[in-house]
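Respectively, the protein sequence lines represent chains B and W.
Residue numbering for the first sequence follows our numbering, beginning at 6 and increasing consecutively.
Residue numbering for the second sequence follows our numbering, beginning at 69 and increasing consecutively.
Hint data in this document are derived by calculation from the structure and do not stem from the laboratory.
Please note that the accuracy of each hint is not assured.
Dumping the calculated SDA-like pairs for lysine to any residue here, alpha-carbon to alpha-carbon at most 20 Å [claimed, not checked]:
{"id": "1", "chain 1": "W", "residue 1": "Lys-208", "chain 2": "B", "residue 2": "Met-338"}
{"id": "2", "chain 1": "B", "residue 1": "Lys-300", "chain 2": "W", "residue 2": "Asn-228"}
{"id": "3", "chain 1": "B", "residue 1": "Lys-300", "chain 2": "W", "residue 2": "Asn-248"}
{"id": "4", "chain 1": "W", "residue 1": "Lys-219", "chain 2": "B", "residue 2": "Phe-288"}
{"id": "5", "chain 1": "B", "residue 1": "Lys-80", "chain 2": "B", "residue 2": "Glu-98"}
{"id": "6", "chain 1": "B", "residue 1": "Lys-325", "chain 2": "W", "residue 2": "Arg-215"}
{"id": "7", "chain 1": "W", "residue 1": "Lys-88", "chain 2": "W", "residue 2": "Met-69"}
{"id": "8", "chain 1": "W", "residue 1": "Lys-239", "chain 2": "B", "residue 2": "Met-338"}
{"id": "9", "chain 1": "W", "residue 1": "Lys-216", "chain 2": "B", "residue 2": "Arg-315"}
{"id": "10", "chain 1": "B", "residue 1": "Lys-300", "chain 2": "W", "residue 2": "Glu-147"}
{"id": "11", "chain 1": "W", "residue 1": "Lys-214", "chain 2": "B", "residue 2": "Lys-80"}
{"id": "12", "chain 1": "W", "residue 1": "Lys-232", "chain 2": "B", "residue 2": "Leu-246"}
{"id": "13", "chain 1": "B", "residue 1": "Lys-220", "chain 2": "W", "residue 2": "Tyr-155"}
{"id": "14", "chain 1": "W", "residue 1": "Lys-216", "chain 2": "B", "residue 2": "Arg-107"}
{"id": "15", "chain 1": "B", "residue 1": "Lys-313", "chain 2": "W", "residue 2": "Leu-221"}
{"id": "16", "chain 1": "B", "residue 1": "Lys-101", "chain 2": "W", "residue 2": "Lys-219"}
{"id": "17", "chain 1": "W", "residue 1": "Lys-216", "chain 2": "B", "residue 2": "Val-108"}
{"id": "18", "chain 1": "W", "residue 1": "Lys-214", "chain 2": "B", "residue 2": "Met-338"}
{"id": "19", "chain 1": "W", "residue 1": "Lys-219", "chain 2": "B", "residue 2": "Phe-326"}
{"id": "20", "chain 1": "B", "residue 1": "Lys-101", "chain 2": "B", "residue 2": "Asp-284"}
{"id": "21", "chain 1": "W", "residue 1": "Lys-219", "chain 2": "B", "residue 2": "Val-108"}
{"id": "22", "chain 1": "W", "residue 1": "Lys-201", "chain 2": "B", "residue 2": "Asp-339"}
{"id": "23", "chain 1": "W", "residue 1": "Lys-197", "chain 2": "B", "residue 2": "Leu-246"}
{"id": "24", "chain 1": "B", "residue 1": "Lys-231", "chain 2": "W", "residue 2": "Leu-221"}
{"id": "25", "chain 1": "B", "residue 1": "Lys-334", "chain 2": "B", "residue 2": "Leu-253"}
{"id": "26", "chain 1": "W", "residue 1": "Lys-219", "chain 2": "B", "residue 2": "Gly-273"}
{"id": "27", "chain 1": "W", "residue 1": "Lys-201", "chain 2": "B", "residue 2": "Leu-246"}
{"id": "28", "chain 1": "W", "residue 1": "Lys-208", "chain 2": "B", "residue 2": "Asp-339"}
Just so it is clear, the structure is predicted and the values come from calculations on it, not from any experiment.
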Amino acid sequence: NSKMSETLEINELKGLNERLMLEETQERQKETKMEPEASSFPPTFSVSEIKNKQRRHLMFMKLKQEKRKQKMQLKKKKKKEREALGDKAPPKEVPKTIENQRVYDETTVDPEDEEVAFDEGTDEFSAYFNGLTNPQVLITTSDRPRGRTMRFCRQLATVIPNAHVYYRKGLALKRIIPQCVARNFTYLMVVNEDRQVPNGLVLCHLPDGPTAHFKVSNVRLRKEIKRRGKDPTEHSPEVILNNFSTRLGHSIGRLFAALFPQDPQFVGRQVATFHNQRDFIFFRFHRYIFKNEKKVGIQELGPRFTLKLRSLQKGTFDSKFGEYEWVLKRHEMDACRRKFQL
Amino acid sequence: MQHDDVIWDIIGNRQFCSFKVKTKGQNFCRNEFNVTGLCNRSACPLSNSQYATVREEKGQCFLYMKVIERAAFPAKMWEKVKLSRNYERALEQIDENLIYWPRFLRHKCKQRFTKITQYLIRMRRLVLKRQRKLVPLSRKVESREKRKEEKALIAAQLDNAIEKELLERLKQGTYGDIYNFPSHAFDRALEQQDEESESGEEEEEEEDEEDVGKREFVAEDEVDESDLSDFEDMNKLRTSSDEEEQEDSSEEEEEEMQVKRSKGKSPANGAAARKKRAYVEIEYEQETEPAPKSRVTL
Numbered sequence: 006n007s008k009m010s011e012t013l014e015i016n017e018l019k020g021l022n023e024r025l026m027l028e029e030t031q032e033r034q035k036e037t038k039m040e041p042e043a044s045s046f047p048p049t050f051s052v053s054e055i056k057n058k059q060r061r062h063l064m065f066m067k068l069k070q071e072k073r074k075q076k077m078q079l080k081k082k083k084k085k086e087r088e089a090l091g092d093k094a095p096p097k098e099v100p101k102t103i104e105n106q107r108v109y110d111e112t113t114v115d116p117e118d119e120e121v122a123f124d125e126g127t128d129e130f131s132a133y134f135n136g137l138t139n140p141q142v143l144i145t146t147s148d149r150p151r152g153r154t155m156r157f158c159r160q161l162a163t164v165i166p167n168a169h170v171y172y173r174k175g176l177a178l179k180r181i182i183p184q185c186v187a188r189n190f191t192y193l194m195v196v197n198e199d200r201q202v203p204n205g206l207v208l209c210h211l212p213d214g215p216t217a218h219f220k221v222s223n224v225r226l227r228k229e230i231k232r233r234g235k236d237p238t239e240h241s242p243e244v245i246l247n248n249f250s251t252r253l254g255h256s257i258g259r260l261f262a263a264l265f266p267q268d269p270q271f272v273g274r275q276v277a278t279f280h281n282q283r284d285f286i287f288f289r290f291h292r293y294i295f296k297n298e299k300k301v302g303i304q305e306l307g308p309r310f311t312l313k314l315r316s317l318q319k320g321t322f323d324s325k326f327g328e329y330e331w332v333l334k335r336h337e338m339d340a341c342r343r344k345f346q347l
Numbered sequence: 069m070q071h072d073d074v075i076w077d078i079i080g081n082r083q084f085c086s087f088k089v090k091t092k093g094q095n096f097c098r099n100e101f102n103v104t105g106l107c108n109r110s111a112c113p114l115s116n117s118q119y120a121t122v123r124e125e126k127g128q129c130f131l132y133m134k135v136i137e138r139a140a141f142p143a144k145m146w147e148k149v150k151l152s153r154n155y156e157r158a159l160e161q162i163d164e165n166l167i168y169w170p171r172f173l174r175h176k177c178k179q180r181f182t183k184i185t186q187y188l189i190r191m192r193r194l195v196l197k198r199q200r201k202l203v204p205l206s207r208k209v210e211s212r213e214k215r216k217e218e219k220a221l222i223a224a225q226l227d228n229a230i231e232k233e234l235l236e237r238l239k240q241g242t243y244g245d246i247y248n249f250p251s252h253a254f255d256r257a258l259e260q261q262d263e264e265s266e267s268g269e270e271e272e273e274e275e276d277e278e279d280v281g282k283r284e285f286v287a288e289d290e291v292d293e294s295d296l297s298d299f300e301d302m303n304k305l306r307t308s309s310d311e312e313e314q315e316d317s318s319e320e321e322e323e324e325m326q327v328k329r330s331k332g333k334s335p336a337n338g339a340a341a342r343k344k345r346a347y348v349e350i351e352y353e354q355e356t357e358p359a360p361k362s363r364v365t366l
């Protein structure tokens, strides 16, 4: 009997508690009903000061609902005003995007900058851009490459004309480079592998050109691409370089452009795209067809991957004693979401 | 006093030795001064009062010797002799220092010294070779970067960007004369027509003044240029030869494209484009009234 009475008491207490809470919320609701327009929260009130978790949660929910209601009312009002004004309405505001809000980079290149033009006329790519050299690319991997990496290298070799894949027999890069130079290669591409998947790329321009080290991600081999076309032909593709705006971006863009021969064969209708967005460089390889003047259809062939620049070094590959033009410093450069380097 | 046998009896066989490592087949000794590394009666440094080892420190090899006379002075127990860098010379040194010592210890010391020099050589060679650097990945950073990449991909709108760029290049004329879209050619022909007609009118005015009074004999069925008010026909006459060429080239292109194209593409819109021509009206001013036609039927 005593136990039953105890449980009864406990239940009663619980019921009491709930009823109290209900009453409180009802009171507050009444308050809100009495003052529909004014907010029911005095300005000095903060939800975090309530110690009781349930009540605090309830108050927080109510706060959120209030805010949402106000927001909806504001929106409705604005919409009505806009409709009322009709043509005279002020133009819709442009939504803020990261690209809109990008911190202005001082090294952004003007199209007519003479200094930049002079630099580009006399840098390591001038030989290529003046039509003196034809690109010859040597593609290799790190030690003991697995199947996926080798397939990736072979597909890259079909995409880039004049490219050859060689097996890396554990040779040191510093020894490979003079041999390549002797055999008139202009580019050395080393695909680094980690856990059976390519994850890095070292692109070295050969006579004594800059070396760029990228992080490779999201590699899709040909058979993993949906709705793709037939294999690429031997025609040299066109090159599209998008959004390389700063000095650094310019030099990287030229690095990519010099991979492909200067005169593309338009008969082949193939295009290789390097698109820079927020410091990620997306590579795509398409075949295009002009349906009429205003419409073009593109079909993806070939591998796709994204690159992120990790470092740019002045001479040929020399990680210990090389002079680094630019290195990714995560703590400094990734601190601001709206600041980009390329 | 130093009773080696007793010590060995205790630590080797019956009771605990903190340096002993017991494994399935063998017992190892973790004592740093052990010559062989195994737990044996002859190789235990604790149960041998006359003992010698070779140890290396920062690439330098030393011979350590222990004799029973110094067993009471633990601080001075081990005599340390620096061995020469020359391998043969060092072996001779070991022999010199361990002259009259048991054969076992001499042999084992030399063996250990050989092994040490070998691994020192390998270390030096490895440093010169390519060293693989393991870079630790931070999971948070990697997942953040992955997310940023996804967002960047969405923001990039690659297909649109590529298509826009290609159309721009087409407009600028980087492709030259490869692509002949009929509507494009039509517009161009229209512009040409405009120029020609304007220049033609001026010439006509001058010619009219010259030709006043001159007689010309004309056949019945000949069509007067001035009678042609229908613009299309005129265009056909003037540019018929051009259009034939264009049609041929576009047909060839269509065939080519069909060959190169794979499934899923709409046919090249030569025909469709021709239907949706831009139709431009051009007014012609005629100075002279058209001569009245009269047909005489016989």
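Right, here's what the structure says about each hint:
1. W:Lys-208 with B:Met-338: holds, 16 Å
2. B:Lys-300 with W:Asn-228: holds, 11 Å
3. B:Lys-300 with W:Asn-248: Holds, at roughly 14 Å.
4. W:Lys-219 with B:Phe-288: Satisfied, since the Cα-Cα distance of roughly 16 Å is no more than 20 Å.
5. B:Lys-80 with B:Glu-98: This hinted pair holds, its Cα atoms lying about 14 Å apart.
6. B:Lys-325 with W:Arg-215: Violated. B:Lys-325 to W:Arg-215 sits at ~32 Å, over the 20 Å cutoff.
7. W:Lys-88 with W:Met-69: Outside the cut-off at roughly 23 Å; violated.
8. W:Lys-239 with B:Met-338: violated, 39 Å
9. W:Lys-216 with B:Arg-315: Within the cut-off at roughly 16 Å; holds.
10. B:Lys-300 with W:Glu-147: Since the Cα atoms of B:Lys-300 and W:Glu-147 sit roughly 91 Å apart, the hinted pair is violated (cutoff 20 Å).
11. W:Lys-214 with B:Lys-80: Violated, at about 35 Å.
12. W:Lys-232 with B:Leu-246: holds, 13 Å
13. B:Lys-220 with W:Tyr-155: violated, 48 Å
14. W:Lys-216 with B:Arg-107: holds, 15 Å
15. B:Lys-313 with W:Leu-221: At roughly 13 Å apart (the allowed maximum being 20 Å), W:Leu-221 and B:Lys-313 satisfy the hint.
16. B:Lys-101 with W:Lys-219: holds, 15 Å
17. W:Lys-216 with B:Val-108: Given that 20 Å is the threshold and the Cα spacing comes to 17 Å, the pair holds.
18. W:Lys-214 with B:Met-338: holds, 17 Å
19. W:Lys-219 with B:Phe-326: Measuring from Cα to Cα gives roughly 37 Å; hence the hint is violated.
20. B:Lys-101 with B:Asp-284: Cα-Cα ~19 Å, so holds.
21. W:Lys-219 with B:Val-108: At roughly 18 Å apart (the allowed maximum being 20 Å), B:Val-108 and W:Lys-219 satisfy the hint.
22. W:Lys-201 with B:Asp-339: This hinted pair is violated, its Cα atoms lying about 24 Å apart.
23. W:Lys-197 with B:Leu-246: With Cα atoms ~39 Å apart, W:Lys-197 and B:Leu-246 exceed 20 Å; violated.
24. B:Lys-231 with W:Leu-221: OK: B:Lys-231 and W:Leu-221 at ~17 Å, within 20 Å.
25. B:Lys-334 with B:Leu-253: holds, 15 Å
26. W:Lys-219 with B:Gly-273: Distance of about 32 Å is beyond 20 Å: violated.
27. W:Lys-201 with B:Leu-246: violated, 33 Å
28. W:Lys-208 with B:Asp-339: It holds: about 13 Å lies between the C-alpha atoms, which stays within 20 Å.
Comparing the model with each numbered hint stated earlier shows that hints 6, 7, 8, 10, 11, 13, 19, 22, 23, 26 and 27 do not hold.
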